[in-house]
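Novice: Work out the full structure, taking the sequences as your base and the hints as a guide.
Residues in the sequence shown are numbered from 2 upward in steps of one, following this note's numbering.
FYI, nobody ran anything at the bench for these hints, they're computed from the structure. Take the hints with a grain of salt, since some may be wrong.
[What the hints assert, rightly or not] Straight-line distance between alpha carbons at most 25 Å, and here's what the computed DSS-like set of lysine-lysine pairs gives:
hint: 1; residue 1: Lys41; residue 2: Lys9
hint: 2; residue 1: Lys8; residue 2: Lys41
hint: 3; residue 1: Lys364; residue 2: Lys8
hint: 4; residue 1: Lys190; residue 2: Lys346
hint: 5; residue 1: Lys172; residue 2: Lys138
hint: 6; residue 1: Lys336; residue 2: Lys319
hint: 7; residue 1: Lys346; residue 2: Lys319
hint: 8; residue 1: Lys364; residue 2: Lys41
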Amino acid sequence: MTPKYEKKLIYVLNYVSADDTQHYVHVLRLLAELVDLGWKVVVISEKGGEGSRNVLGHDVRFMSKRGGVERLFRLAGTLVSLRRQGYRLVFVRISRPAILVSSIVGRIVGQRTMYWLSSANQDLDQAKVGWRRGIYKVTMAATLTLINKFVTGPETMAAYFKLALSIPEEKLMVLYNDVDLSRFSPVPKTANPGTPTRILFVHSLSPNKEASRYFPDLIACLSSVSNRLGNIRLDVIGEGPERQVLETIAGKAGGGLVVEFLGGVPNMAIVNHYARADIFIMPSYREGFPRVVVEAMAMGLPIVATDAGGTRDLFGEKQQAFIVSRDDPAAFAAKLVDLVSDPIKRSELAQENLARVQRYSTKAVARMYNSKLLSVLEESR
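Specialist: Structure representation (C-alpha cells):
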C-alpha cells in the first residue's frame, strides 16, 4: 500500500558529536538505515553550536550554543520551516524542553510528535520540591497531553511509565535501542598464564545510578578472592559526580585486585575496551534500556547486572541467572565472583548473548522503526 504521506522524519537530539562519550552517536547509524529504507531524515541537535555541520558522515543542524530560550525559539522556527517542506513527523529523544516546544508547534502546524524516554527516574522527579516540582508537573502534564506517542523500551519500561505517569495504553509505543554489529563484534582472545581477569564497567557515574551502593561489596569480594583465583583488574569508564566516591571505595582494594578509572571515552573509541574485557558489569540502581548492555552482548561478554529498569528483558535464560535484585549488593558481588571463577560459564553466557543481541542489531531495529513510524504518520490526528 502506498503511504498517504511522504516518509519524512525530523529527529531531535539533546546533543551529538563525533567525540560524544554518551551513546547518541548510535542514533546516526540507525537513521542512516532509515534513509536506506526510503526515509528523508533531518537531524537536529538542540545544543552544541550553530548552523549545520557533518558529524560522522551525517548532516546535523545545531540550534544554538547559547541559552535555552534562544535555541528553543530557533527549534520552533526550524520545525515550522520543515513542515512547509512536507515534514509531518517529529521524534524527540529525552529532552523535555525540546519535546514541549515540538508538541506545541506540532499542534499548531499539523505535525505528529513522538517522545522517547526510558530511564526509570520518576521517583527522583516526583521527589523534587518547591517550584522545581511545580514546573516538572506542569510541563510533563502538558507534554503528555500534546504528544501523539510516548516511546520507550524495552517492554518492562512501557509498563513502568504507564503506571508512573498514567499514560493511556494507546499513547504508548515500544521501540528498542540498537547496536551496530559491524562495529561491536567479538574479538578472539589469547589466554596467557598470569594475565588478570579483566572486568569492565562503562557508565555515567551519576548519583542517580548509585553505583556506590554496590562498590563496597564488589571491591571487598574481589579483593578477598583475587589471591586464590588470580589477579583481577577492574576498569571503570565514565565521568560524573560519583567518581570521587567510587575512587575512595576502590582505594580499599587489596590482594591481586587493581582498579583503574579511565574517565570518559568517546563511544567511537570504546570498542577496544570491550575487546580487552572478560566480564562486563552494570551495578546500577536506575536504568531504562541500557545501551552499554547491548554493546557488551554484541562483543560476546558475559554480564553481571542488576534488574533495574528494563534490563532483565534483554537477556536469555542462562544470562538471567546473573541478573540480581537492585536491592541486593551482596548478591551482585557474589555473582561476579562466580563468573570470575568459572571460565566455562563465561563462555556459555557469551554465546547466548551473541545470539540474543541479533534482535537489537541496527538493521533489525531500523525495520521496527520503519513500521511504527509509518503507523504514526498514517494516523489521523
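Novice: Tell me, which hint numbers fail for this structure?
Specialist: Result: no hint breaks.
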